[in-house]
Amino acid sequence: MTPRIRSALSWLTAAALVVAGWLIVQAAPGDDVYWETFYRNVSVGEDAEIAMARVSVLDIRAAEAVSDSSGWESDVEGSSGNDSVWILLDLRVEGRYTSPADDTTTPEEYRDIAYFATDALEAGGDTFSPSERPQDSFGGYGEGFALGKAKTGTYAYEVPASVLDLARARVVLAQPLQASMQEAIAVEFDPRALELRPHAEVLDTVEEPAR
Amino acid sequence: MAEGETAGAARTTAPAGASGAVTRRSARVLARQAASRVPTRYLTAIVTGLFLAATAAFGGLADAPPEPAPAPAKVGLDEAYDTGRYTVTFRHAVIVDEVGDVGVYPEEGERTLVLIADVTPAGPDPITYAELMTTFAGEELPVDEYTGDVSMQGSRYDDQVLSPALQPHVTTPLVLAWAVPEERYAAGDVITFTLRDQRHQELSFLGAGTYWEETGETAIVTLEIEDLDA
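Here the protein sequences line up with chains A and B, keeping their order.
The first sequence begins at 1 in this note's numbering and counts up by one.
The second sequence begins at 212 in this note's numbering and counts up by one.
Don't read these hints as lab results, they were simulated from the structure.
This list has only true hints and no planted wrong ones.
Computed beta-carbon distance windows for the label pairs: (1) A16(A) <-> A273(B): 51 to 59 Å; (2) P277(B) <-> T106(A): 51 to 59 Å; (3) T426(B) <-> E201(A): 40 to 48 Å.
Beta carbons: idealized from backbone N, C-alpha and C, even for Gly.
So here's chain A without its partners, still in its complex pose:
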């Protein structure tokens, strides 16, 4: 092997190594993979389970105006807030969260309760939080799901009417506010397929022992 061939060989080897390195970088997943959320997709009539809760999707409804059994009504005559529409997500949620045994700071009445800090409707690039306007719904602050109990109720989302023209929307339920590296329930649906009723009622929140 002449020195010239040897030198050419080492250059070629170096170039091949650089190319191989580039290929590996291309093939490897990006940084985003560390922050991914593990979604459990679920639609109407199905159940989904994550570590802290079991969720059954009873129904997804759309209405121009909603009310609840307390007498609250979304649309009041003369109000400038009447042009919105509502998407109602009826759920049965079974709490499955057990507080850590060494947790001595949480008072007894707040132990073993699952919370969804993430409970937003995502549609068309916008995020909507569940409305706290119905007097009795899952959208109230700090709605919790106790271990061994099942709650039936509604997440009510007040959205612009344009949301009903979208092909895709979803509600994401997860324990932490940022569900990265965590599991989350994703209720995905087609808003165009929802029948827009003039009026709908928010389900009363009912708690019963889990089956």
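Chain B: place on chain A using the hints.
Frame of chain A, contents of chain B only:
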């Protein structure tokens, strides 16, 4: 003599090959010799000097003149204003002795000042009532003694829900109210305060996410007050 010269040339260009290789090798040697004459000790200083000389074209090391602050927009009753985060239209500014369902309980010698406004967030995320308050400023507005933020009592005009969250592209009719000394305002007086513009930004270095940043631009809102009990 001639033989000695040939030997010297052979030493610098060895191993002697074709005549083309010899001239190429000599050029390389020349270049190396030239490079070794550049005073590397002063290279940093020379480059810095060149850079500074270049900055002279843009005003040298003198402070850049401050950008003139944009003149604040002026907003009155029934005029929609877009802060970047939401669009707001103030419908009324009234002073009343007492008003129910807004969470304000004026004491002896106080009355209630009420602003009625339609607020429509631009998206992409909902605005909590506390976030909305951070976009207001002004000496005439009430301030929370702990957080230092403006803290008007807020509720919906239609169903009186307190401190409501505001959803993207959905108009929320708001009642903003607080107690003021009864001598402070009379019918026909004006109240003036500031709205701060914001823009939506993405985190790029320290993780993923978005946040709202003040643009530095503001709007001055001036509203004439009606007296409902006069």
